[in-house]
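Trainee: Start from the sequences, fold in the hints, and give me the full structure.
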Amino acid sequence: MQKDNEDIIVKNLSKSFLDVKAVKDISFEVKAGELFGFLGPNGAGKTTTIKMMTGLARPDFGSIITAGIDCSKNPKAAQHLIGIVPDESNLYPELTGFENLCFCASLYGIGKAEREQEARKLLDAFDLKDAANRKFAGYSKGMKRKLTIAAGIIHKPRVLFLDEPTTGIDVASARALRIMIEELHKQGTTILLTTHYIEEAQRLCDRIAFIVSGKIVAVDSVQNLLKHDEGKYFLHVTHKGKNPDIAEKLTARFDNMTFSFMKDSSFRLESQEPINITPIVMFLEGLGIDVMEAKRIIPSLEDVFVRITGLEAGIMRKDKEKQGGGK
Amino acid sequence: MKKWIAFWNILLKDMRTYYLKPPNISWGIIFPLAWTGMFLIRSGTGLDSIPALLPGLMAISILFGTTSMLAVTVTFEKKNNSFDRLLLAPISFDLLMLAKTSGAIFFGIVNAMIPILLASFITDISVSSWPLLILAVFLIAVVSTFLGLLIAVAVSEVFEAQTFSNFFRFPMIFLCGLFLPISKLPIFIRPISYVLPLTYGVDIMKGLVKGENFMPIPISFAALTAFCILIFGLSKHFIKKRWIS
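So the sequences go chain by chain: S and Y.
According to the numbering used here, the residues represented by the first sequence are 1 to 327, in order.
According to the numbering used here, the residues represented by the second sequence are 1001 to 1245, in order.
Treat the hints as calculated values from the structure; they're not laboratory data.
Computed from a predicted model, the values in this text were never measured in an experiment.
Ideal Cβ placement from N, Cα and C applies to all residues, glycine included.
Mixed in with the good hints, there may be bad ones.
[To be verified] To spell it out: a stretch of chain Y is covered by chain S in this simulated footprint if at least three of its residues, at any positions, have a beta carbon under 8 Å from a beta carbon of chain S; those stretches are:
no., segment
1, 1009-1019
2, 1082-1090
[Claimed, not checked] Distance condition first, Cα-Cα at most 30 Å in a straight line; then the derived DSS-like pairs of lysine-lysine:
no., chain 1, residue 1, chain 2, residue 2
3, S, K112, Y, K1002
4, Y, K1236, S, K76
5, S, K135, Y, K1002
6, Y, K1241, S, K73
7, Y, K1021, S, K73
8, Y, K1184, S, K121
9, Y, K1079, S, K73
10, S, K156, Y, K1002
11, Y, K1079, S, K135
12, Y, K1240, S, K21
13, S, K129, Y, K1013
14, Y, K1079, S, K112
15, S, K129, Y, K1003
16, Y, K1241, S, K21
17, Y, K1021, S, K129
18, S, K76, Y, K1003
19, Y, K1079, S, K21
20, Y, K1241, S, K76
21, S, K24, Y, K1241
22, Y, K1003, S, K156
23, Y, K1240, S, K121
24, S, K129, S, K141
25, Y, K1240, Y, K1013
Mentor: Here it is as structure tokens:
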């Protein structure tokens, strides 16, 4: 049953490819006008979920209700209400920016005069007016992303799916895109944004779902996710040299603290009381481990992500580096 | 009405970006000319034998003009993900497939008309029924285009689309009665000829141009129509299975 203020209701959604379970029994809701973030590393199941929600993939189990329409049974019925910006720009290289926008509008049955007017308006708003008559193939990555977003909203969708919108583009373009996303959000469009940029999710989203290995491990507002760590103290220690028993010995010696060990010769510790760095450094040196850096940290969404998912934040950064970063 | 805006614009875009490009237009003219020249040299006969060559030339022109063109364009769009944009449009799957294939069908019909047009300048062409000939050309173009759609689903690279098209086209040309009447084929090969849609298309055209059909024309039309429905249904099934899985 669709609740009045919810544009998307996903229930027990699952999807497998051969013997790989890409999405495992996920459920969440997105309120009308909300900017909902889907945060997780590459291969977490974000794109597969979006594909199921937009009709490009069929779920094995579960239901998706978008604006009151059961997309799992009849995705075509909801497609006029949704806009999709895929993770890779998929417009037509041989058409100009203007032609691409007009063509995309025509797919939604928009008449010639209206689609040309909308295309001009969007090209202006997205600062692509001068490139309107240039072929899409000749656009820069940032321009391609902008035009792809414009193509996704030209039919004024009620729900917009943005799949990794700032991946692989330069800092200035990523910043401009984030401003555009904020603007769309202000205009009341319901947005589901997938990203592996923690800072981006923290900055833009009203609520966030952490997705890891096809499972949603947490869904809440950024404030509530951060609230859990209020009143706690954190220290991040980077060291040189290895001791196979480091985890065991530290846990035994400082039993009032919780340790999370990373693969890159560093660990994070959490305590309910203020942390005195000196005994920790001296203890490590006693184990033959040189401490390179020990710094107190204010918990960020990244820390919350690490705590909840058990994943290193480094995995997300490596994803970012592989894809050319947009920060 | 709104759905037809999408249909028309998909067709228009494909015509502009693929089929009406200068290399394709020149292909449509050079291809039948080259085949005519080849047949004339091979047979050693004069220009009077051109009407006898027409059914074969038209069939080959349609087959080569449609099958690989559609397979290549769809594979190209699938490869750069722009085909997903079409799959996400709020139009029925049938209408989308018809919009994507209409451009190639039109291209195939134009390709078939070029040999007739060129031949009409050189010699007298007598056709027993022009409407039936046009209907046959249309159905051959439809069935060849749908075959291209089926090929597009089976491959993932553009070059595979081209080579895989030949896998179907060449046996079809040699076994459909174009070069050798089916009655002269070895008896164990003949059943293959009867499961090739081009066999029926060529037979209709031979009947209408030369009066040399070996099957009743209405049966050939029925068979061609059945092939169109069957191949379209198969393409749809495999597209849904492979691309919306």
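Trainee: Can you confirm whether the C-alpha distance between K129/S and K141/S stays at or below 30 Å?
Mentor: Holds: K129/S and K141/S sit about 16 Å apart, inside 30 Å.
Trainee: Can you tell me if the segment 1009-1019 of chain Y counts as covered by chain S, using C-beta to C-beta distances under 8 Å and a minimum of three residues?
Mentor: holds (count 4)
Trainee: Is it true that the CA of K1241/Y sits at most 30 Å from the CA of K76/S?
Mentor: holds (16 Å)
Trainee: Is the Cα-Cα distance between K1021/Y and K129/S 30 Å or less?
Mentor: The hint holds at about 27 Å.
Trainee: With a cut-off of 30 Å on the C-alpha distance, tell me whether K1079/Y and K135/S pass.
Mentor: holds (19 Å)
Trainee: Is the hinted pair K24/S and K1241/Y satisfied, with a Cα-Cα distance of at most 30 Å?
Mentor: holds (21 Å)
Trainee: Hey, K1240/Y versus K121/S, does the alpha-carbon distance stay inside 30 Å?
Mentor: violated (36 Å)
Trainee: Holds or violated: are the alpha carbons of K1021/Y and K73/S at most 30 Å from each other?
Mentor: The hint is violated at about 40 Å.
Trainee: Under the criterion that the straight-line Cα-Cα distance not exceed 30 Å, is the pair K1236/Y, K76/S satisfied?
Mentor: Holds - the C-alpha atoms of K76/S and K1236/Y are around 16 Å apart, at most 30 Å.
Trainee: Taking only the CA atoms, is the gap from K129/S to K1013/Y under or equal to 30 Å?
Mentor: Holds: K129/S and K1013/Y sit about 22 Å apart, inside 30 Å.
Trainee: Would you check the hint for K135/S and K1002/Y, treating anything up to 30 Å between C-alpha atoms as holding?
Mentor: holds (27 Å)
Trainee: Could you grab the alpha-carbon distance between K129/S and K1003/Y and see if it respects the 30 Å cut-off?
Mentor: holds (29 Å)
In terms of the numbered hints stated before, the structure departs from hints 7, 8 and 23, listed from lowest to highest.
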